[in-house]
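J.: One-letter residues, chain by chain:
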Amino acid sequence: MIDSTVVDLSRLQFAATAMYHFIFVPLTLGLSWLLVVMETAYVMSGKEIYRDMTKFWGKLYGINFALGVTTGITMEFQFGTNWAYYSHYVGDIFGAPLAIEGLMAFFLESTMVGLFFFGWNRLSKGGHLAVTMLMALGTNLSAVLILIANGWMQDPVGSVFNPVTMRMELVDFWALVFNPAAQAKFVHTVAAGYVAGSLFVLGISSWYLLKGVHIEFARRSFRVAAAFGVAGVLSVIVLGDESGYAVSESQKSKLAAIEAMWETEPAPAGFNLIASINEAEQKNDWAIRVPYVLGLIATRSTSETLPGIREIRAENRLRIENGVQANLALETLRRDPQDEMARSTFEKHQKDLGYGLLVKQYSPDLSQATPAQLDRAAHDSVPRVAPLFWSFRVMVGLGFAMLVLFAVALWSSIRNNFQQKPWLLKWALYFIPAPWIAIHSGWLVAEYGRQPWTVFGTLPTYLSASSLSAASLWGSIAGFVGFYTLLLIAEMYLMFKYARLGPVALQPNQA
Amino acid sequence: MFDYETLKLIWWLLVGVLLIGFAIMDGHDMGVGTLLPILGKDDTDRRVMINTVAPHWDGNQVWFITAGGAIFAAWPFVYATAFSGLYWALLLVLFALFFRPVGFEYRSKLPNPAWRSAWDWGLFAGSAVPALVFGVAFGNLFLGVPFRLDETMRSFYSGSFWALLNPFALLVGVVSLSLLTLQGATFLAHRTEGALQARAKLAGSVLAVVLLLAFSGAGFVVSRIDGYVIQSIPDVGGVLNPLMKEVVRQPGAWFGNFNKAPVLWLIPALAYVGAIGALVALRVGRTLFAFVGSSLACLSVILTAGVALFPFVLPSSELPKASLTAWDATSSYVTLNVMLWVALIFTPIVLAYTGWAYRVMAGTVTRDYIKANDKALY
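Chains as they are written, first to last, in the numbering used here: chain X, 891 to 1401; chain B, 171 to 548.
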């Protein structure tokens, strides 16, 4: 018997630990390239101020990096501790990118980070720059592989179910690597990290300028961050759009929920700018709409229709019914591999095997499932609309606000008059949290939007968790949240202290 | 290129390589962490110790992460069953490990003695606790772990955390703790000087003796307890799940592989050679040899345990036929094959740049060096 409290608590713990982890990751992704830019300027120009910039922002990078590593250790093992059935069921595919991440990317990043901090006097200028570049490369390669893994959860390509081992198995490695869902996600996600890194540098530099301290240092940092930020934010938006297109191909339920699109509309569908969502009656009480936009973004055409939530549920109801047949045939086949009828039923409905598993939440014995239970499974096959609808809009809204901020910052850098614009400097300072809010909203859209699945169309979340007790889960959640919060307080304390100190922190006898 | 059976065997070896790599590399900075409050008499001493591993601990820790990832990719059954079953043991390791990255990075960022002392104890716990728990976990493998698998291959664990802390498992915990700490002591002996170096040599000598005693004691117990033997299994080169075999328990069965192929006795013998070699080398002041001897002990102790258990990876005391083995707990042929290529390509690259990083940072860390680079060092 599966304890649904344990499933819910496992989700809570995963969400909490993953979100803590992703406080630190974006800054690492973005700052590492900014360090490369600054150090390249140092090597090419020979100006010491660029070396000091690299060292100072590198110090803040290190403070952040330590907690990124700490919270990352958990992620590598948490699939096994808390999602044991998931790990069994898809580990054949999902484990590969994780292992490759360690071997190919994390080793590189972690070895180079040591040389970055301690190798200044032992490496040539060019040698140290190479180390910094390899560190940034490792960081970004890490992200590629993690997003290949996550992309597969969104769109499980290149794999097939094996009845002997009772799990999904890899058949096409390159399909996994070049999964369009993963590629778009990768650029979208790392570029969001570049934006976070840029806004961090832009905001703190602005603070120095507002205070009138470390002027030359802050001016140069501001310029680098503004330029890098514009490139980052443009990539985020373009690839976010590409991600939307990929979602519309693979996860129509997520798209429909993001858009609160209850009914199928004639193409091209309109976009709900904002709406009052009525989950119970499956409709919007009112909405402000922009015609055509959604259809154009999601289908890249004016003629293709997008299914609404009601239609998706009806389609899923059929797939669930077929999936139950597939599961029952599989049970028969496991008892008697010679049963030809069961084999042909299984082969016919195999693609809906996962949909049949959705019913196990309501009827553990599928042969006893009632039509009402199948209806419920179909209803729950689309996630709740309001959280997705709003978090998506927060993400996009902040994305465009940051585009404007960086555009103005870059323009002012070119005109060289940003020091005369305290409103811009304040905007940059107070907007430091914006990328983080947008990023977490984005992950909520990606992960909550995939529900009720851990692997879309393949493995329901309900079946994925470990067979643990609720007491264990409460204990571990308390442990994670307690430790992480303590460490986060230490981190923030040091971050603020060193950011306030500014580049003088590099001089002896300070601190 | 390889058939499925060979691939399964290669992956058993590769997981072993990762664990050995972990013990040698992460082992020495965990050893330094464990010795930190014991050998470091003042703040400068402790900073000397920390800075011998400062540029490397992060890269070394990836051996642990990668071993986790490789077990996920190559042995998903093991990854799922072991980590969920031994839930609190693994969480204890993770919680302890939290203090390492932060401890290293934050400790010397503030001069406050209370702040530094708190992180020193964090580094100690983050090093000693995992080193002990890994051995305790290994010890429990020899005793069998209480879990079963149902028809859908879902695993259920019926033991408790406290049951893991039995005397035999704790003895194996002493083996792993003394092994990794010896690794740290020999490393410190090689990279420090003066009074601190003398203390590291002394600690290393004591640890080598403890290791020899605990390893011999554990071996003696293993010869007396029930081991697991596969009675029947379909073609090991085929697609299997763990419930397709029959397993029985027999006294002394963990010595079966050594008795079948006596040449394998060389492996535990090498553990003695390594530990005694480290001891002698420390006494005569050949610190690099001591580190090599200690590393040899890491390799052969882990390999001894692996060979004794082979082909078992996670024996089940509750339902012996559900035991996970190198034959039936693995990934598919395609995954093992792809991952082998990945390992063949990237492991040498990792070793190359790790070696380079050690060369760049080579040399003795002195008290004067710490004082001269107060702000730039940990």
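Honestly, I wouldn't trust all of these hints.
Stated by the list, open to error - Think about it this way: if two alpha-carbon atoms lie no more than 25 Å apart in a straight line, the pair counts; the simulated PhoX-like pairs of lysine-lysine are: (1) X:1387 with B:430; (2) X:1238 with X:1250; (3) B:415 with X:937; (4) X:1015 with X:1101; (5) X:1015 with B:545; (6) X:1241 with X:1173; (7) X:945 with B:545; (8) X:1101 with X:1316; (9) B:430 with B:415; (10) B:415 with B:211; (11) X:945 with B:541; (12) B:541 with X:1387.
These are calculated hints, taken from the structure and not from any lab test. The structure displayed is predicted, hence computed values, not measured ones.
J.: Of the numbered hints stated previously, which ones are contradicted by the structure, given in increasing order?
T.: Hints 1, 3, 4, 6, 10 not satisfied by this model.
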